[in-house]
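Student: The listed protein sequences correspond, in order, to chains A and B.
For the first sequence, the working numbering gives the first residue as 216, with consecutive numbering after it.
For the second sequence, the working numbering gives the first residue as 216, with consecutive numbering after it.
Mixed in with the good hints, there may be bad ones.
Which copy is meant is left open, because identical chains are indistinguishable; a pair holds if it fits in one copy or across any two.
To be verified - In silico lysine-lysine, DSS-like type, Cα no more than 25 Å apart, as pairs: (1) 325 <-> 501; (2) 341 <-> 241; (3) 581 <-> 602; (4) 487 <-> 238; (5) 242 <-> 544; (6) 302 <-> 501; (7) 302 <-> 325.
I should point out that these hints are in silico values taken from the structure, not numbers from a laboratory.
Quick caveat, the model's predicted, so the values are computed rather than measured.
Protein chains: 2
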Amino acid sequence: MLLVQKFGGTSLGNLERIDNIAKKIKKNVQEDGHQIIVVVSAMANKTDQLHDLCLSIDQTPNIMEYDAILATGEQITASLLAIALNKINCHARSANAFQIGIETNNAYGKARIRSIKTNQLLEWLKTQVVIVTGFQGVSLENKITTLGRGGSDTSAVALAAAIQAHECQIYTDVDGVYTTDPNIVTDAQKITRITFEEMLEMSSQGSKVLQTRSVEFATKYGVQIRVSHAVHRGIGTLITFDEGSGLENPVVSAISFSRHEARITVRKIHDKPGIAAKILQILAKKAIEVDMIVQSVSQQDFTDLTFTVPENSYNQTITLLNTMQTQLKTAAIEGDHKIAKISIIGIGMRSHAGVAATMFEALALKNINIQAITTSEIKVSVLIEDKYLELAIRLLHAAFKLENSQNNIQ
Amino acid sequence: MLLVQKFGGTSLGNLERIDNIAKKIKKNVQEDGHQIIVVVSAMANKTDQLHDLCLSIDQTPNIMEYDAILATGEQITASLLAIALNKINCHARSANAFQIGIETNNAYGKARIRSIKTNQLLEWLKTQVVIVTGFQGVSLENKITTLGRGGSDTSAVALAAAIQAHECQIYTDVDGVYTTDPNIVTDAQKITRITFEEMLEMSSQGSKVLQTRSVEFATKYGVQIRVSHAVHRGIGTLITFDEGSGLENPVVSAISFSRHEARITVRKIHDKPGIAAKILQILAKKAIEVDMIVQSVSQQDFTDLTFTVPENSYNQTITLLNTMQTQLKTAAIEGDHKIAKISIIGIGMRSHAGVAATMFEALALKNINIQAITTSEIKVSVLIEDKYLELAIRLLHAAFKLENSQNNIQ
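Please model the entire structure based on the sequences and the hints provided.
Tutor: Here it is, written out as structure tokens:
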């Protein structure tokens with residue numbers, strides 16, 4: 216099979232680990248007969264070291280040159296792994312973005328891949344393992360770009376899409392995607408199979424297994440991703456297509472959450488077009504990230520706007536809005552800086568009424584107050600007080616019987 | 216003027232030095248109005264660190280991947296310098312071998328430059344300083360190559376040739392080329408102007424200022440090189456064309472030397488074609504470097520062959536030749552492992568008789584025995600006992616009045 220395998224910085228963190236990964240790849244090639252493109256990240260901490268080096272020259276370094284320096288981290292790992300593979304008689308070569316032709320736009324530091332040339336790559340693959348430097352591309356003006364932190368996942372998925380690989384295998388330090396955080400719910404189950412849509416909601420909710428953009432990319436180009444542990448054996452979690460709402464589809468697949476959020480509520484604003492936009496523009500100008508946004512139906516031409524910001528932007532946001540209060544003509548600006556968001560996610564939700572009711576009832580039974588609610592087609596998210604978060608996760612994990620959810624397919 | 220400026224690893228050895236070099240370049244661009252290509256080496260010790268990293272994976276690492284790893288050293292320096300320049304509002308960009316199109320052959324680790332594309336480079340130069348990663352190119356099979364240690368000098372000269380720069384300025388930790396080592400002769404004079412031919416003889420004699428290949432390249436393409444100190448002011452030494460044997464050309468320009476040589480003499484070998492070649496082939500197979508070779512005129516079909524090898528190859532060479540003695544049918548193999556070579560160099564020598572006589576007489580007056588002599592058009596070299604080397608250098612420096620040699624042009 217034609218496979219893309221991506222190894223992260225921790226899996227390649229020292230020379231012994233590089234040797235181990237090399238043995239694993241050799242087995243996949245020589246015993247299992249696969250053709251393999253390997254995508255590598257920089258060795259653990261290397262990117263941070265290079266970042267610090269740049270900032271020691273200039274606190275706001277030229278972004279193009281910053282990218283060029285960061286990119287050397289992956290070049291070193293790629294060549295070290297190639298050396299390790301050749302040492303054990305597994306023919307391999309490294310290839311960087313220039314050599315392959317991984318073209319991106321000019322958004323240095325967070326570039327987007329525009330196209331990947333495959334002729335040369337497929338030719339090389341006939342006779343050897345090709346080890347590609349993840350996280351980088353070449354801009355329209357022929358400079359190295361980086362794709363943003365975690366961009367190696369995106370590189371791997373994009374390469375898999377370009378060469379139409381059977382699977383994009385992401386090797387990491389967890390053995391798959393779980394129904395929720397096993398540190399909180401000991402019964403949390405590894406999910407064997409999850410849809411792109413569900414995984415997207417998981418990623419953006421702070422499940423740190425995969426970079427959100429890589430899942431978006433996989434969704435768009437239909438690339439199956441398998442997340443597995445870099446060292447342990449196991450089939451991991453396959454992220455794949457929705458195969459219809461059969462009985463085997465659990466209503467709720469997983470529970471995700473994020474801490475350290477703050478809620479802001481702007482009371483009694485004039486419900487006319489442009490007011491919400493005006494408020495959000497003020498925040499955008501200061502680069503304050505806004506996550507959830509809820510606006511209730513207006514009463515007598517007035518409405519309330521609630522949104523969340525990161526906890527450490529709370530004070531700045533309140534101050535900013537207070538100075539604008541007269542201009543915005545609002546009655547009051549209030550908030551809570553110790554908030555958590557908890558979400559239930561499930562592709563099966565589309566065809567099931569009552570999921571939200573089950574969620575709200577489970578929380579209400581333990582007197583956990585819901586401060587705001589948003590929903591998407593396959594997700595329901597609520598804001599609660601941060602101190603109730605772990606209790607709420609356990610309640611919902613039990614309410615949706617996730618401790619048994621994978622029994623039939625594992 | 217269109218200039219190429221090369222800075223070595225010591226000049227760029229820490230962040231403060233990088234900032235200083237940036238200021239120097241900014242002045243050259245904004246006050247003096249030059250267009251500048253900067254060629255950089257890796258920061259001091261970086262190449263050694265990367266070398267060690269490769270060998271920690273495999274003692275005989277894949278040479279292509281080894282080159283790719285070593286090349287990251289220059290990429291980091293180039294981008295750091297670009298960041299430092301942009302910080303002080305001097306527009307600059309780094310450019311590597313892929314971006315420019317510096318094409319080499321496939322001799323990884325010691326590649327030779329075949330061609331350099333200049334369209335893009337000249338376009339960039341119109342608006343900014345271009346900082347090129349020295350020491351590297353791209354092979355015919357699209358892999359990074361390195362040019363061998365010290366190859367950044369060659370990169371600089373090749374770029375100067377390609378864009379027809381006015382001068383190739385090599386900034387280093389000495390302020391120019393001297394008539395001989397100032398540590399030995401306190402009167403040693405900085406040479407303001409020296410010909411390519413003289414510099415070539417100096418380089419290969421162990422004057423560590425410039426890599427020999429870079430001087431060969433400069434000679435071939437007529438690129439004027441100026442060697443100066445990276446920090447101190449001064450015009451340095453200009454390496455340029457022979458402008459004829461006018462009166463101002465000193466007969467002897469400089470005295471160079473090398474220590475730690477060993478002399479081997481093979482006595483009474485049959486003087487027929489192929490014998491010398493046979494002996495040298497034996498040594499070549501074992502990668503023993505042979506420098507000077509002298510064969511005297513034969514007597515009754517027999518001759519002696521004398522040559523030098525590095526001191527630390529002496530024992531191996533003697534052993535090797537002893538085992539071949541019957542086959543070679545030689546009378547004796549003898550040698551001396553504490554030998555030095557001393558050379559007088561001067562373009563003026565071509566039209567002056569008596570230079571060698573002056574040399575030999577000066578040495579004879581102090582009873583320094585000459586063990587072998589070779590000459591080229593612009594050089595006379597002799598082998599002497601190592602312990603007399605410093606005395607001999609002082610004697611010759613005085614005999615050829617080099618302490619006054621630069622007075623008229625400095």
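Student: Enumerate the violated hints, using their earlier numbering and listing them in ascending order.
Tutor: 4 and 5
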